[in-house]
Every structure is written in structure tokens, then in C-alpha cells.
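Chains as they are written, first to last, in numbering that gives the first Met the number 0: chain A, 0 to 353; chain B, 0 to 84.
Errors might be hidden in some of the hints.
Beta-carbon label-pair distances, calculated as ranges [to be verified]:
1. 61/B x 216/A: 45 to 53 Å
2. 80/B x 172/A: 35 to 43 Å
3. 0/B x 104/A: 40 to 48 Å
4. 96/A x 6/B: 17 to 25 Å
If you're looking for bench data, these hints aren't it; they were derived computationally from the structure.
Built from N, CA and C at the ideal position, the CB exists for glycine as well.
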Amino acid sequence: MKKVYIRGVGSISSQKTLDNKEFLDEITGYNDTVISVVNPVYKDYIPPAAARRMAKGVKMGVVASKVALEDAGLENVDAIITGTGMGCVVDSEKFVSAIIDNNEEFLTPTSFIQSTHNTVGGQIALGLGCKGYNFTYVHASNSFESAMLDAKMQLEFDEASSILIGGVDELGAHTVKIHRLIDHIKPVEVSPANLLDSGTKGAVFSEGANFFVLGNAKKENTYAELVAVETFNDLPEENLLEAVKKFLIDNNVLIEDIDVLIQGNNGDVVYDRYYNSLSQGIFSKTQQIYYKHLCGEFNTASSFGVWLGAKILKTQQVPDIVALNDVKTSKLETILLYNQYRGENHSFTLLRKC
Amino acid sequence: MSKLKQELKEKIIEQLNLEDVSIEEIGDDDALFGDGLGLDSIDALELIVMLDKDYGIKLSDPKEGRKIFESIEVMANYIAANRTK
Numbered sequence: 000m001k002k003v004y005i006r007g008v009g010s011i012s013s014q015k016t017l018d019n020k021e022f023l024d025e026i027t028g029y030n031d032t033v034i035s036v037v038n039p040v041y042k043d044y045i046p047p048a049a050a051r052r053m054a055k056g057v058k059m060g061v062v063a064s065k066v067a068l069e070d071a072g073l074e075n076v077d078a079i080i081t082g083t084g085m086g087c088v089v090d091s092e093k094f095v096s097a098i099i100d101n102n103e104e105f106l107t108p109t110s111f112i113q114s115t116h117n118t119v120g121g122q123i124a125l126g127l128g129c130k131g132y133n134f135t136y137v138h139a140s141n142s143f144e145s146a147m148l149d150a151k152m153q154l155e156f157d158e159a160s161s162i163l164i165g166g167v168d169e170l171g172a173h174t175v176k177i178h179r180l181i182d183h184i185k186p187v188e189v190s191p192a193n194l195l196d197s198g199t200k201g202a203v204f205s206e207g208a209n210f211f212v213l214g215n216a217k218k219e220n221t222y223a224e225l226v227a228v229e230t231f232n233d234l235p236e237e238n239l240l241e242a243v244k245k246f247l248i249d250n251n252v253l254i255e256d257i258d259v260l261i262q263g264n265n266g267d268v269v270y271d272r273y274y275n276s277l278s279q280g281i282f283s284k285t286q287q288i289y290y291k292h293l294c295g296e297f298n299t300a301s302s303f304g305v306w307l308g309a310k311i312l313k314t315q316q317v318p319d320i321v322a323l324n325d326v327k328t329s330k331l332e333t334i335l336l337y338n339q340y341r342g343e344n345h346s347f348t349l350l351r352k353c
Numbered sequence: 000m001s002k003l004k005q006e007l008k009e010k011i012i013e014q015l016n017l018e019d020v021s022i023e024e025i026g027d028d029d030a031l032f033g034d035g036l037g038l039d040s041i042d043a044l045e046l047i048v049m050l051d052k053d054y055g056i057k058l059s060d061p062k063e064g065r066k067i068f069e070s071i072e073v074m075a076n077y078i079a080a081n082r083t084k
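Working from the sequences, and respecting the hints, build out all of it.
Take a look at the structure:
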């Protein structure tokens, strides 16, 4: 089996992450319960004629994928695999609202066409002229990991040599309203600095697109090796420790080998206990970092975690803003990522320095 | 009639998301499809729905749209002659 490498990245998030020459040099603060991305100038990347039917999520995906390809020095890939938890919610809301408002008459095609979950992957392929494998995984907070796992297996078995993968989700006004009603969104505003101490239920909702070029050949500008990915739909808290131990054993890695643990803490007092059981347990002496105070929570927020891990391994720097504890490792070679959302759809991802 | 033409230009820009086009840039006799405004087949479907919803005109044969959507001038004349609301 061939090894799999992260060869290019492209990130649009609530931080200024699109310029690959920078690495969280400037932090965009907030005091809110819902935060949007820092929008690039989309016209710089997408012709106006093509962009006019694209909602924000599609534009974010197209731009992030272009940046990732450019970063990898490629013009095309063998396959495009996208992960999205909610798909194109803006056009879905528009279409469903039109059905209700117009008594199921006068339905226009654009919002329907653009509302499907695979619109992002489709538009990226159209833009690139990529006629290869194109698949979209819709699996809540395991959507991105499912895309990553698919790509990893294809690259390991040399069914492809380069694959574009990404996680993308956009905010939709009605969807936010519903999540607020069911207490999935924090009841009071928080800032990045006090997210974990908010003492409230729910998360700071957000959006974003993080794309990566994966390949099975190591190049000069490679970020990291993608060693392993494992997902769990259900993982009771009492089984979490055994699951992470087994994941490490399966990949011939000791707990002491993990230089950095990247966790998806979102400040939800009910569900952060999963993260706490690892950070206060077997990884208490490991350097720990977190990132959802920077990018917010969305179904594919873990793709921001992978972006962060890849950047750390490439730059060999850990920005102070992501520190979860005071431990400082002497080397940055092996990173374990753990994510879950509301106690479901857990994932472990292992990255290694090249 | 000029009021209707103005209204059509506004609706086309808004409903077809022509963000970079202003009302002044659309001439009454400019071609809406092809080399003119550059609209395509999906836009044609949007315009058919707009005729039905806003003016009560049902186009049973989509081929009719080719003539009706030739320009703002032609559209306005057709709507003025056939509108039910």
C-alpha cells in the first residue's frame, strides 16, 4: 500500500486563512453566537457568469479548492470527494420557502438545482473540467472524515494519484433559527477567549470550507502524511478511552508518541466532557490544542482541525491562540485529532510530519 | 409601456442574479440570450415561471419562449397583449 500525503491546502473560515503564506498571524475576534467566514473577493476566482447562481457555500468550496490546487502545484486531480453535513442550505431554504409561499406553484429551477448536497463537488468539477470520480459524503460531523477515508483508500491502492477532498458547510438563516430554538446554539454571546468557560449549552455556529489535495507521492511542498482515519457513529463515553487506545495500537503508535492532541472542544457544557476525558486522562501530559474558538462549529469544522494540524507539521509552529494546556512538546512530528459533535459521529485522525 | 419595460429589467436583474448588470445597460432591443445579455436555458425556465406568477401568462410550449424572450421590447409587447393580472 502507498502512503498518503497532504500536498496542498485551501481554507475559508472565520479567520483569515485563505493566504497560505500566513498562519493565524492575525485573529478575527467576535462576541456572538453565530459567526460567518471572512469572505474572499469571490470575483477574483470565479467568473461573474458562473458565480451568479452560486450560493455562498458553493463559492467557498470552489475558491478553497482552487487555492488548494494552486498550493499543490496542480491544475487538475483524478477525483473530487466532498464532505458536507447540511449541503447547500441557503438554496434549500429558498426552494422550500418558495413551495410554501406560492402554495406549491411557480417553482423556479435555479434554487432547486443548486440546493443539492453535491452541488459543490459538481461545480468544482465543472470549473476544472474534471471528469473523474466525484462523490459527496453527507454524514453529519463525520462527513469530512468519510471523504478523507474514501480518498485515502483510493490513494493507498493506487486507484488515483491525486485527489481533491474538502469539507464545506454554509449558514442558512432558517436553519440557524431552528438550531437556536432547540438550544444547539449558545444562548448568550461569547468571545474566542471565553468559549470553553462559557458554562452554557450549545455551540457558536459557523460555516467554512477547507479543501486539501491528497496524493500518494511525497513532494517537496508536502504538508504531512495522513496516517489513519477512523470514524464511529456511536461511541459511549465509557468506551472512548479503549477506542483511542485501539486506534493507536492499530497504527503502531504509543500514547507517548503523540506530540500534539488536537481536539474539537466547542464549549458545550454537556458534550465537552468527551474531550475532557482524554485531555485530563491519558493525554494530560501531552501538548493539547483546540480550534473551534477560531472557526466556530459546523458539521465539517473538523476539516479546519486537519488544516491546523497540517500547517503545524509543515511550519513546525503552534500559534499561541490554539493552546489548550501549558504543555510544550520538544518535537512536532505526530498529531492525533479527535472530534465529535453532541456525543455522536466521533473521529480520530493521525497526521505525521514528512 | 415604458413602465413595464423598466419593471421587466428590474425583475430580470433581480431574479436571475445579474449582479454586474444595471438597468441602464439593458437596451430595449438588446438580445436577452446568446450574444446579448447571455442568458441560458435555465434562465428561460425562470422567465417562464415569472410570466406565469407575475402576469398570469402560461406558456404551454417552451418553444414559444424563443420568440417572446427575444428582447425586452418583444417581451413587454407580449405581456401587454396577453396578461391576465
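Here is how each hint holds up against the structure:
Checked against the hint of 45 to 53 Å, the C-beta distance between residue 61/B and residue 216/A comes to roughly 50 Å, which is consistent with it. A hinted range of 35 to 43 Å for the beta carbons of residue 80/B and residue 172/A is consistent with their spacing of about 40 Å. In this structure the supplied range 40 to 48 Å is violated for residue 0/B paired with residue 104/A, their Cβ-Cβ distance being about 28 Å. Against the hinted window of 17 to 25 Å, the Cβ-Cβ separation of residue 96/A and residue 6/B comes to about 23 Å, which satisfies the hint.
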